[in-house]
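Single-letter residue listing:
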Amino acid sequence: MSDWQVKYKSSLKDRGTEGILKLREGILLFVPNDPTSDSKLKVLTPNIKSQKYTKEGSKKPAWLNLSNKQGDSHIFEFQNYQDMHACRALITKALAKCEEEQPKKPAAVLTSAEQLSIADLELRFKVLRENIELQRLHKEFVETKVLTEDEFWATRKKLLGKDSIRKSKQQVGLKSMMVSGIKPSTDGRTNRVTFNLTSEIIFQIFAEKPAVRQAFINYVPSKMTEKDFWTKYFRAEYLYSTKNTAVAAAEAAEDEELAVFLKPDEILAQEARQKIRRVDPTLDMEADQGDDYTHLMDHGIQRDGTMDVVEPQNGQFRRSLLQDLNRHAAVVLEGRNIGKHLFAPPSILSSYVFHDVDSENTRSVAEALARVKQVSKADGETTKDANQERLARMSRLAEMEDLQAPQNFPLAPLSIKDPRDYFESQQGNVVNEPRGAGTLKRNVHEAYGSLKESILEIRTKGLRDPLIKPEVAFEVLFYPVVFRSLTQTISTAKNIIGKNPRESFLDRLPKSTRDEVLHHWTSIQELLKHFWSSYPITTTYLHTKVGKLKDAMSNSYSQLEAMKESVQSELRHQLSLLVRPMQQALDAAFQHYDADLQRRTAKSARGSAGEANGSV
Amino acid sequence: MASVASKLYSDDVSLLVLLLDTNPLFWDTTSTTFSQFLSHVLAFLNAVLGLNQLNQVVVIATGYSSCDYVYDSSLTSNVSSESRGARMPALFGSLLEKLEDFIGRDAELAEGDEHVDRIASSLLSGSLSMALCYIQRVFRSGHLHPQPRILCLQGSPDGPEQYVAVMNSIFSAQRLMVPIDSCYIGTQNSAFLQQASYITGGVHHAPKQLDGLFQFLTTIFATDLHTRGFVQLPKPVGVDFRASCFCHKKTIDMGYVCSVCLSIFCEHHKKCSTCGSVFGQSKLDAANASSSVNDRKRRAPDS
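These protein sequence lines map, in sequence, to chains A and B. 77 is the number that our numbering gives to position 77 of the first sequence; each next residue is one higher, with no gaps. 50 is the number that our numbering gives to position 50 of the second sequence; each next residue is one higher, with no gaps.
By construction, these hints were calculated from the structure, which means they are not laboratory data. It cannot be assumed that every hint is accurate.
[As the list claims (entries may be wrong)] When the alpha-carbon atoms are kept at most 16 Å apart in a straight line, the in silico EDC-like pairs for lysine to aspartate or glutamate are as follows:
| id | chain 1 | residue 1 | chain 2 | residue 2 |
| --- | --- | --- | --- | --- |
| 1 | A | Lys232 | A | Glu254 |
| 2 | A | Lys175 | A | Glu200 |
| 3 | A | Lys461 | B | Asp101 |
| 4 | A | Lys550 | A | Asp596 |
| 5 | A | Lys564 | A | Glu516 |
| 6 | A | Lys545 | A | Glu151 |
| 7 | A | Lys545 | A | Asp72 |
| 8 | A | Lys232 | A | Glu200 |
| 9 | A | Lys22 | A | Glu77 |
| 10 | A | Lys548 | A | Glu151 |
| 11 | A | Lys263 | A | Glu237 |
| 12 | B | Lys208 | A | Glu516 |
| 13 | A | Lys452 | B | Asp211 |
| 14 | A | Lys452 | B | Asp72 |
| 15 | A | Lys452 | B | Glu97 |
| 16 | A | Lys452 | B | Asp101 |
| 17 | A | Lys469 | B | Asp211 |
| 18 | B | Lys208 | A | Glu475 |
| 19 | A | Lys263 | A | Glu251 |
| 20 | A | Lys452 | B | Asp28 |
| 21 | A | Lys52 | A | Glu77 |
| 22 | A | Lys529 | A | Glu151 |
| 23 | A | Lys97 | A | Glu151 |
| 24 | A | Lys139 | A | Glu149 |
| 25 | A | Lys7 | A | Asp34 |
| 26 | B | Lys98 | A | Asp594 |
| 27 | A | Lys263 | A | Glu200 |
| 28 | A | Lys139 | A | Glu151 |
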């Protein structure tokens, strides 16, 4: 049945108009009983963002609060809770169906280009306006369709500002504040102490105190409700804080469940004992007696810093600050791995259900933690075989050399061959380079003579002073890599302008040529950057991109040639020296392109030839 | 106990064995003179010795027809007694003396062998072997020794007749865990040096500017083995793995390999000259023979 009698309220204070709520394919329709009233409502199910509902058991009427994506909320008052729950279930089912269908649509819309927001585009324009060089590059390449917008900006993310780079979501870790630091709010008048419980705190309590977790799984909801459970827990905490061990003992004797909270944590103690048993004494000491912090009673400092003498029979009802601290630190260090799996909703239903402390969710937290502990315990369990292996390893490591039996290794007999065979066979015919013996002798003689002269020279003159000229050292510093050599030629030219008042070569060029040269330098760098980054070619997109880049590069090459010819003859040599590294870089790129193309056509030719053969 | 003793030397103590190329035919043809080259090298040696008080340097001269030890920093008789050349640091007085004597001896040997015409290569294999022998002696002297490495300063081209000997030295260096760094200052590529550095885990570099050789040497080759873990040294773009054939000593990149001893031949042989194993009929010939028979058989039903 998908029709219900409801009262529709636009806000909590509204009295509500009676009517019928219908749920159809993808639409929620409210038709008021009174045809004259104008509060007809049609809500598309995909627009519903979340539902809230009032709990059964509270004195409030059965309300269902739907909020849609625009932020409005609609409240429907049902006649009874059953109706409300039925409606809620149907709505969540419909929403789940919508969720499935929805992801397919966006994929079709966003193909290759990112969807840019208006702000992004504005930012890009701003950057282009400010940097004229960049604007020129942009005009040259993006508008002639050699590079796409995205490729152009892909390497310039820093210019676009750090906000455009999506920050990876950081996972929030555990709080270092201890659970016992939760202070309740006390109401002096009515003598009530109120604790505020959030799921965070519950998670922390379960992680730190496995006995409490176990008790939760056992008692709730079979023996008591969750509220009672937490009440008892906080009563136990309160008893601890009062340091009144006599009262604690008395209450523990009375109330069995309370006693669970007051006893020392058995599960923890067991884990610590296991850890100690598992340690291999020959390896590093991972755990030792000190890890068993549940039994460190000798310090005796209580949680609020006071020292106290402990009576032996009530000793178990106290916990020291050290124990709490150690346990808390251990849990914080373990981290949030458990939480990650817990809060992923098992079904869409729970993600749309609003709750603060829902018993079913807390239970799932407790059970998940218990499961994780089980798994880790099973891994580390000391079975009989593991024990045997440990003992064997210990005896091996602790063995004493002199007490071992003599070891007789298997021997292989020597077979000594005549080494002369090997050496003689290596002296084959040596390929002779035709050179007159006489001339060689003379050359050698002269060469040795000059070598001896050199040594004499250095003995008299000593080491060179200075050993390296500063310009040479500077060049050596920027020595490696193709791009750097480009930079080097231009920047040494530029630097000489700055450093020495000597007239530099770049100054002598007419202004237009100089600008052209510098522009070519930046544009060639840009092109080469994109060219080399698209190898190896794996997709057709890269293939077309490389083709376009190659055309642009050959264009640049011919422009450089033209520039060289246009300049005056006296400057031509210097200009060609300046331009040469750029041309060399372009040549290398062309070579690579041709070689790659050849390889591909050869491969495809071979492939098709092979097919032809196979078919015959 | 053994490991404790060797820890008394800190990690960055090194023994540098420098193989200096003194091939006159090469030095005749370069623009940099040998004296300029020597000044860079001597300053570099000083720098290496200055890095750590316990560092040691050994220099072996690689000549045209012979090799010899020219300098050992651990010997005390290094200070030259002669008064001329007061500008030269006294530390290297004996180095230069011995170098001069060595070159004289090398010249005499070269005059003797006039019938041997070969590519003007220096005896790299000889000096590598001498270096490895010295290092082996250091290893056997006890647990307390610096970490050895070999630096090869070469300008002459590779002599393919030395291929087998050089490869043997490289593999022994690899076994001893001694890296061979190489600095090639000649014009062509040296396949031997590239392979040596690649196989033994050393650094290969071919500086283009010989004016700044000292800078290259100190920034790339002066780092000791422990520090190399933190420093980014130049990596080669590719390694030239060409070998020389064992029969003619030609450089080849495709050939026949004996499956027993891995010797390389440029043409088909009936018997391996190194290990004596007889080669069977090659699969290629067998396939050709049988396929021609099959073709004849296949064509029959068609027609």
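Against the structure, the hints come out as follows:
For the suggested pair Lys232 (chain A) and Glu254 (chain A), the alpha carbons sit about 13 Å apart, so the restraint of at most 16 Å is met. Taking the CA atoms of Lys175 (chain A) and Glu200 (chain A), the gap is near 9 Å; set against the 16 Å cutoff, the hint holds. In summary, the hint linking Lys461 (chain A) to Asp101 (chain B) is not supported, as the alpha carbons are separated by about 19 Å, beyond the 16 Å threshold. With a C-alpha separation of about 13 Å, the suggested pairing of Lys550 (chain A) with Asp596 (chain A) holds against the 16 Å cut-off.
The suggested pairing of Lys564 (chain A) with Glu516 (chain A) holds, with an alpha-carbon distance near 11 Å, which does not exceed 16 Å. A threshold of 16 Å between alpha carbons decides the hint, and for Lys545 (chain A) with Glu151 (chain A) the separation of about 10 Å falls inside it, so the pair holds. Distance restraint check for Lys545 (chain A) and Asp72 (chain A): the Cα-Cα separation of roughly 49 Å exceeds the 16 Å cut-off, and the hinted pair is therefore not satisfied. Restraint check for Lys232 (chain A) and Glu200 (chain A): the C-alpha separation of about 19 Å exceeds 16 Å, so the hint is violated.
Straight-line distance between C-alpha atoms of Lys22 (chain A) and Glu77 (chain A) comes to about 14 Å, which keeps the hinted pair within the 16 Å bound. For the given pair, Lys548 (chain A) sits about 13 Å from Glu151 (chain A) by alpha-carbon distance, which is consistent with the 16 Å threshold. Using a Cα cut-off of 16 Å, the hinted pair Lys263 (chain A) and Glu237 (chain A) holds, with the two alpha carbons roughly 12 Å apart. In summary, the hint linking Lys208 (chain B) to Glu516 (chain A) is not supported, as the alpha carbons are separated by about 29 Å, beyond the 16 Å threshold.
Straight-line distance between C-alpha atoms of Lys452 (chain A) and Asp211 (chain B) comes to about 21 Å, which puts the hinted pair past the 16 Å bound. Restraint check for Lys452 (chain A) and Asp72 (chain B): the C-alpha separation of about 21 Å exceeds 16 Å, so the hint is violated. A threshold of 16 Å between alpha carbons decides the hint, and for Lys452 (chain A) with Glu97 (chain B) the separation of about 11 Å falls inside it, so the pair holds. In summary, the hint linking Lys452 (chain A) to Asp101 (chain B) is supported, as the alpha carbons are separated by about 9 Å, within the 16 Å threshold.
With a C-alpha separation of about 8 Å, the suggested pairing of Lys469 (chain A) with Asp211 (chain B) holds against the 16 Å cut-off. In summary, the hint linking Lys208 (chain B) to Glu475 (chain A) is supported, as the alpha carbons are separated by about 11 Å, within the 16 Å threshold. A threshold of 16 Å between alpha carbons decides the hint, and for Lys263 (chain A) with Glu251 (chain A) the separation of about 12 Å falls inside it, so the pair holds. Restraint check for Lys452 (chain A) and Asp28 (chain B): satisfied, since their Cα atoms lie roughly 12 Å apart, inside the 16 Å limit.
Of the supplied pair hints, the one linking Lys52 (chain A) and Glu77 (chain A) holds, its CA atoms being roughly 12 Å apart against a limit of 16 Å. Only pairs whose Cα atoms come within 16 Å are accepted, and Lys529 (chain A) paired with Glu151 (chain A) is accepted, the gap being roughly 11 Å. Using a Cα cut-off of 16 Å, the hinted pair Lys97 (chain A) and Glu151 (chain A) is violated, with the two alpha carbons roughly 38 Å apart. Between Lys139 (chain A) and Glu149 (chain A), the direct Cα distance comes to roughly 11 Å. Compliance with the 16 Å bound is thereby established for this hinted pair.
Among the hinted pairs, Lys7 (chain A) with Asp34 (chain A) is consistent with the structure: their alpha-carbon atoms are about 12 Å apart, no more than 16 Å. Proposed proximity of Lys98 (chain B) and Asp594 (chain A) is contradicted: the alpha carbons are some 54 Å apart, above 16 Å. Taking the CA atoms of Lys263 (chain A) and Glu200 (chain A), the gap is about 24 Å. The hint is violated against a cut of 16 Å. The suggested pairing of Lys139 (chain A) with Glu151 (chain A) holds, with an alpha-carbon distance near 14 Å, which does not exceed 16 Å.
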